[in-house]
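J.: Listed below, chain by chain, are the residues.
Protein chains: 2
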Amino acid sequence: MTTNIQIVLANHPEGWAQESDFKLIESDMPAAASGDLLIENHWLSVDPYMRGRMSTAKSYAPGVEIGEVMVGGTVGRVIESQNPNFNVGDFVVGRTGWQLYALSTGEELTKISSDTVPYSTYLGVCGMPGATASIGLLEHCTPKAGETVLVSAASGAVGSVVGQLAKLQECRVVGIAGGSRKCNYAVEELGYDACVDYKAGNLADALRKSCPEGVDCYFENVGGEVMDAALSVLNPFSRVALCGLISEYNSTDPYGIKMMKSVLVNRVNIRGFIVTDHLDLYRKAIDQLVPWVAEGKIKYHETVTEGLENAPAAFISMMKGKNLGKQVVKLK
Amino acid sequence: MTTNIQIVLANHPEGWAQESDFKLIESDMPAAASGDLLIENHWLSVDPYMRGRMSTAKSYAPGVEIGEVMVGGTVGRVIESQNPNFNVGDFVVGRTGWQLYALSTGEELTKISSDTVPYSTYLGVCGMPGATASIGLLEHCTPKAGETVLVSAASGAVGSVVGQLAKLQECRVVGIAGGSRKCNYAVEELGYDACVDYKAGNLADALRKSCPEGVDCYFENVGGEVMDAALSVLNPFSRVALCGLISEYNSTDPYGIKMMKSVLVNRVNIRGFIVTDHLDLYRKAIDQLVPWVAEGKIKYHETVTEGLENAPAAFISMMKGKNLGKQVVKLK
Numbered sequence: 001m002t003t004n005i006q007i008v009l010a011n012h013p014e015g016w017a018q019e020s021d022f023k024l025i026e027s028d029m030p031a032a033a034s035g036d037l038l039i040e041n042h043w044l045s046v047d048p049y050m051r052g053r054m055s056t057a058k059s060y061a062p063g064v065e066i067g068e069v070m071v072g073g074t075v076g077r078v079i080e081s082q083n084p085n086f087n088v089g090d091f092v093v094g095r096t097g098w099q100l101y102a103l104s105t106g107e108e109l110t111k112i113s114s115d116t117v118p119y120s121t122y123l124g125v126c127g128m129p130g131a132t133a134s135i136g137l138l139e140h141c142t143p144k145a146g147e148t149v150l151v152s153a154a155s156g157a158v159g160s161v162v163g164q165l166a167k168l169q170e171c172r173v174v175g176i177a178g179g180s181r182k183c184n185y186a187v188e189e190l191g192y193d194a195c196v197d198y199k200a201g202n203l204a205d206a207l208r209k210s211c212p213e214g215v216d217c218y219f220e221n222v223g224g225e226v227m228d229a230a231l232s233v234l235n236p237f238s239r240v241a242l243c244g245l246i247s248e249y250n251s252t253d254p255y256g257i258k259m260m261k262s263v264l265v266n267r268v269n270i271r272g273f274i275v276t277d278h279l280d281l282y283r284k285a286i287d288q289l290v291p292w293v294a295e296g297k298i299k300y301h302e303t304v305t306e307g308l309e310n311a312p313a314a315f316i317s318m319m320k321g322k323n324l325g326k327q328v329v330k331l332k
Numbered sequence: 333m334t335t336n337i338q339i340v341l342a343n344h345p346e347g348w349a350q351e352s353d354f355k356l357i358e359s360d361m362p363a364a365a366s367g368d369l370l371i372e373n374h375w376l377s378v379d380p381y382m383r384g385r386m387s388t389a390k391s392y393a394p395g396v397e398i399g400e401v402m403v404g405g406t407v408g409r410v411i412e413s414q415n416p417n418f419n420v421g422d423f424v425v426g427r428t429g430w431q432l433y434a435l436s437t438g439e440e441l442t443k444i445s446s447d448t449v450p451y452s453t454y455l456g457v458c459g460m461p462g463a464t465a466s467i468g469l470l471e472h473c474t475p476k477a478g479e480t481v482l483v484s485a486a487s488g489a490v491g492s493v494v495g496q497l498a499k500l501q502e503c504r505v506v507g508i509a510g511g512s513r514k515c516n517y518a519v520e521e522l523g524y525d526a527c528v529d530y531k532a533g534n535l536a537d538a539l540r541k542s543c544p545e546g547v548d549c550y551f552e553n554v555g556g557e558v559m560d561a562a563l564s565v566l567n568p569f570s571r572v573a574l575c576g577l578i579s580e581y582n583s584t585d586p587y588g589i590k591m592m593k594s595v596l597v598n599r600v601n602i603r604g605f606i607v608t609d610h611l612d613l614y615r616k617a618i619d620q621l622v623p624w625v626a627e628g629k630i631k632y633h634e635t636v637t638e639g640l641e642n643a644p645a646a647f648i649s650m651m652k653g654k655n656l657g658k659q660v661v662k663l664k
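Going down the list, the protein sequences come from chains S and C. At position 247 of the first sequence the residue is numbered 247 (our numbering), and the sequence of numbers has no breaks. At position 266 of the second sequence the residue is numbered 598 (our numbering), and the sequence of numbers has no breaks.
Hints may be right or wrong, so weigh each one.
As the list claims (entries may be wrong) - Dumping the calculated SDA-like pairs for lysine to any residue here, alpha-carbon to alpha-carbon at most 20 Å:
id, chain 1, residue 1, chain 2, residue 2
1, S, 258, C, 544
2, S, 258, C, 557
3, S, 258, C, 584
Claimed, not checked - Stretch by stretch, here's where chain S covers chain C in the computed footprint (C-beta under 8 Å, at least three residues):
id, region
4, 489-502
5, 582-588
6, 591-600
7, 605-615
To be verified - Not close to chain S: a few residues of chain C, all C-beta gaps over 12 Å, as computed:
id, residue
8, 367
9, 391
10, 397
11, 414
12, 416
13, 532
14, 552
15, 556
16, 623
17, 662
Calculated from the structure, these hints are not laboratory results. Keep in mind it's a predicted model, so treat the numbers as computed, not measured. Glycine is no exception: its CB is placed at the ideal position from the N, C-alpha and C atoms.
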């Protein structure tokens, strides 16, 4: 009998997550009961939000308990079906977690095809991160042609899509990223007009130089000092989509934002949002992104780690910003 | 010939404003040229925003230069008119500054009557602070019946109107104020369901007790630690109207807001706003407030200081929270 391999939560981390916070376990292969299907997972997504699920702090979704399989987006192939809506051989994207095989009722699965874009992209540019970028930028920031859009984590899974969508809106687009490799990628491959390396210091001054007309839309993935610097260059009536605060997720002592006065004086609208609150917009975003990716209008880069056993290391590396573009784990 | 008395800016203060930052000067009485009118001011408003105008920091409105008359809202009587739209004896509300007599083209003046409400209220509950309360609460916070509305500076010129308008919307209304006198006034006179004294310590815990169902709308006048505590009790999809940050205005080292994560996790919408951006809504708000004040549906309290020469002391006292309700200066 085939054995299933799963990665479960071993500890609720304090500060940075470590490999010892995860545990690899073997279990019997599940069998599909009536109505269920059995999926062989081919791709696993690792994303910043997972750090929140590893914590006991109250959040918008329940956390993972010790011993539970880690939550996560997956692409897999149906290998057994007791559900009339799915056939063996169908590829599906869903949230079946950090495991090689998963049972599902099929309820939260979407059938996908690799005819136009590769399967892995349904975890990135054509998946949750892409939809996050689209909804945050187009629905919350509502950029107009000629405006300046600033994007933190500019080369990441979400930011890279935000920047390119903002260029399609005919905006001036400025990124913030860590290190020259990411900044060069943002400008040369993704088409950003400029990208500021926050590791080079004097971020607020550098932003003022790169955004001579100020910032009308700010897409925030990072928080902390990066956010403070960005708030200092906002224009009157600017909009901030607060999508993530990755700089805070591993912090036991959160950074204090000093620039709230800019929010008042500039009549800024800051909106925190979670992509899964907007399922109608989510589907609309994906339907738009798939052809754009197929046509090359939206580019993407993946950092691929091989093997479920390496998923914890891939997650930790991504949290430290070592990936370029979308971090995925290839399971098969 | 009558002498005019004016108060001009003597210094741009660092930190708290002091009486020495103001200077009283005497000047010749102005004369109305064609199209102008001459106003004898009866009431002067002192408000927190004036601290920003005394500063050289960039803001939404130009600052007062050294030697210039301090800006401010006034109620006065027309004593000379070369303008067909105004007659001698008309009472007007406008922004003619810290002086006994002022010339005006009439452009930004509104004629008022004391038939229904006293003249001084056009600087408070029926003026800029009242309109600020109305627009911030009704347009930005959009409270629904049964929701919890939290108001900082709950007994102040703006907050006292916010709280009462929220009660008219059938909300549970909780205030934050400094000291038991203000808290008692908020509950007993203004009708707040509860009021928390931030000077008593443990503000976040006290707010959790006073807001057992969390907070859906937060009307922010204060900033700093008060804002951090308030952000910690926000509900999912709550709205924050950022109207003022009085705790920051005299600070040379702004407090850092640590609770941005609550804005993300709870998908909060924070909106900075300035009442004068919304002149259509401003007029609508005043038209609604005047009859409500006349009928006693909206109550108010004024702290009255006598004499223009005491305006700096009144302003400083108000900035330190020593007033109850609206601080005004009686000039005549």
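J.: Take the hints in turn and mark each one as holding or not.
T.: Tested hints:
At roughly 29 Å between alpha-carbon atoms, residue 258 of chain S and residue 544 of chain C are farther apart than 20 Å, so this suggested pair is violated. Note on residue 258 of chain S and residue 557 of chain C: the hinted pairing holds, with a Cα-Cα distance of about 12 Å set against a maximum of 20 Å. For the hint linking residue 258 of chain S to residue 584 of chain C, the alpha-carbon distance of about 11 Å falls within 20 Å, and the restraint holds. With a cut-off of 8 Å between beta carbons, the region 489-502 of chain C has 0 residues touching chain S; three or more are needed, and the interface restraint is violated.
Remark: the region 582-588 of chain C is confirmed as covered by chain S, as 3 of its residues place a Cβ nearer than 8 Å to a Cβ of that chain, reaching the required three. With a threshold of 8 Å between beta carbons, the proposed coverage of the region 591-600 of chain C by chain S holds, since 9 of its residues qualify and at least three are required. For the region 605-615 of chain C, the assignment as covered by chain S holds, since 3 residues bring a beta-carbon within under 8 Å of that chain's beta-carbons and 3 suffice. Interface exclusion of residue 367 of chain C from chain S stands, the closest Cβ pair being 32 Å apart, more than 12 Å.
With a least CB separation of 5 Å from chain S, residue 391 of chain C falls inside the 12 Å interface cut-off, contrary to its annotation. Interface exclusion of residue 397 of chain C from chain S stands, the closest Cβ pair being 19 Å apart, more than 12 Å. Non-interface status of residue 414 of chain C relative to chain S is upheld: no Cβ of that chain comes within 12 Å, the nearest being about 37 Å off. Distance to chain S confirms residue 416 of chain C as a non-interface residue, since its nearest Cβ pair spans about 37 Å, more than 12 Å.
The Cβ of residue 532 of chain C sits about 23 Å from the closest Cβ of chain S, beyond the 12 Å cut-off, so the non-interface label holds. Residue placement check: residue 552 of chain C does not keep its beta carbon more than 12 Å from all beta carbons of chain S (closest about 9 Å). Not every C-beta of chain S lies more than 12 Å from that of residue 556 of chain C, the closest at about 9 Å, which undercuts listing it as non-interface. Listed as outside the interface, residue 623 of chain C is consistent with that label: its C-beta sits roughly 29 Å from the nearest C-beta of chain S, beyond the 12 Å cut-off.
Interface exclusion of residue 662 of chain C from chain S stands, the closest Cβ pair being 30 Å apart, more than 12 Å.
Going down the numbered hints, you'll see the structure goes against 1, 4, 9, 14, 15, while the others check out.
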